[in-house]
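Here is how the chains run, residue by residue.
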Amino acid sequence: RKEVEQDPGPFNVPEGATVAFNCTYSNSASQSFFWYRQDCRKEPKLLMSVYSSGNEDGRFTAQLNRASQYISLLIRDSKLSDSATYLCAVLSGTYKYIFGTGTRLKVLA
Amino acid sequence: GAGVSQSPSNKVTEKGKDVELRCDPISGHTALYWYRQSLGQGLEFLIYFQGNSAPDKSGLPSDRFSAERTGGSVSTLTIQRTQQEDSAVYLCASSLIPSGGDNEQFFGPGTRLTVL
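Order-wise, the sequence lines are chains A and B. Taking our numbering, the leading residue of the first sequence gets 1, the next gets one more, and so forth. Taking our numbering, the leading residue of the second sequence gets 1, the next gets one more, and so forth.
There's no promise every hint is true.
To be verified - Computed list of lysine-lysine pairs in DSS-like fashion (alpha-carbon distance at most 30 Å, straight line):
{"#": "1", "chain 1": "A", "residue 1": "Lys79", "chain 2": "B", "residue 2": "Lys57"}
{"#": "2", "chain 1": "A", "residue 1": "Lys2", "chain 2": "B", "residue 2": "Lys57"}
{"#": "3", "chain 1": "B", "residue 1": "Lys57", "chain 2": "A", "residue 2": "Lys42"}
{"#": "4", "chain 1": "A", "residue 1": "Lys2", "chain 2": "A", "residue 2": "Lys106"}
{"#": "5", "chain 1": "A", "residue 1": "Lys106", "chain 2": "B", "residue 2": "Lys15"}
{"#": "6", "chain 1": "B", "residue 1": "Lys11", "chain 2": "A", "residue 2": "Lys79"}
{"#": "7", "chain 1": "B", "residue 1": "Lys11", "chain 2": "A", "residue 2": "Lys96"}
{"#": "8", "chain 1": "B", "residue 1": "Lys57", "chain 2": "A", "residue 2": "Lys106"}
Unchecked claim - Rough simulated footprint, nothing fancy, chain B against chain A, three-plus residues with beta-carbon under 8 Å:
{"#": "9", "region": "44-50"}
{"#": "10", "region": "94-104"}
Calculated from the structure, these hints are not laboratory results. For glycine and all other residues, C-beta sits at the position ideal for the given N, C-alpha and C.
The whole structure should be built from the sequences, with the hints applied where relevant.
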């Protein structure tokens, strides 16, 4: 089993839809979690950190479920510009980030 | 200010040749990471530097891969006797301190390596 797993998608959704992705992790001792956005042929950029109590940034909501060992990303009112690959990352230990393979999102007009 | 830069942006080489990839992290960032991303794959951890030291080289795929960092700044990743399976995008990232929380990793644009 991979240490961090994501559904590769693609998730094809119409503009304005709400879409959610999950990311499961195997190391129960993991303490820090992140969502990155990666556009085609570009480098990943941090979208948001995931806090234990859940956190929101505009249309984006991140949540952590420690009992089931997954994090989620919810995008409300999807825009065409949200089309990208969303990578989750889990900090394993004090410095090593383990990335998922990414979930591809296509927002359709 | 300037972000993480990498050079070259693209490199095409023949099987068996050596290549050197360069990363200039953000000034003052003590932690530096190298990752490899193959087509449609996630980021594969290669090596981590704290200052000039590399406490974790566990991700390097083989002894053909090596990396160094000098002056707590620039890092080079060297691949000797390249193979076709080395073809990938090599990404460098730096962060102010290595640990997580709100400490963000900033990625460079990557070097796209193609081994013919």
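Each hint, compared with the structure:
{"no.": "1", "hint": "Lys79/A <-> Lys57/B", "result": "violated, 40 Å"}
{"no.": "2", "hint": "Lys2/A <-> Lys57/B", "result": "holds, 20 Å"}
{"no.": "3", "hint": "Lys57/B <-> Lys42/A", "result": "holds, 25 Å"}
{"no.": "4", "hint": "Lys2/A <-> Lys106/A", "result": "holds, 25 Å"}
{"no.": "5", "hint": "Lys106/A <-> Lys15/B", "result": "violated, 37 Å"}
{"no.": "6", "hint": "Lys11/B <-> Lys79/A", "result": "violated, 35 Å"}
{"no.": "7", "hint": "Lys11/B <-> Lys96/A", "result": "holds, 27 Å"}
{"no.": "8", "hint": "Lys57/B <-> Lys106/A", "result": "violated, 36 Å"}
{"no.": "9", "hint": "44-50", "result": "holds (count 4)"}
{"no.": "10", "hint": "94-104", "result": "holds (count 9)"}
The structure shown violates the earlier hints numbered 1, 5, 6 and 8.
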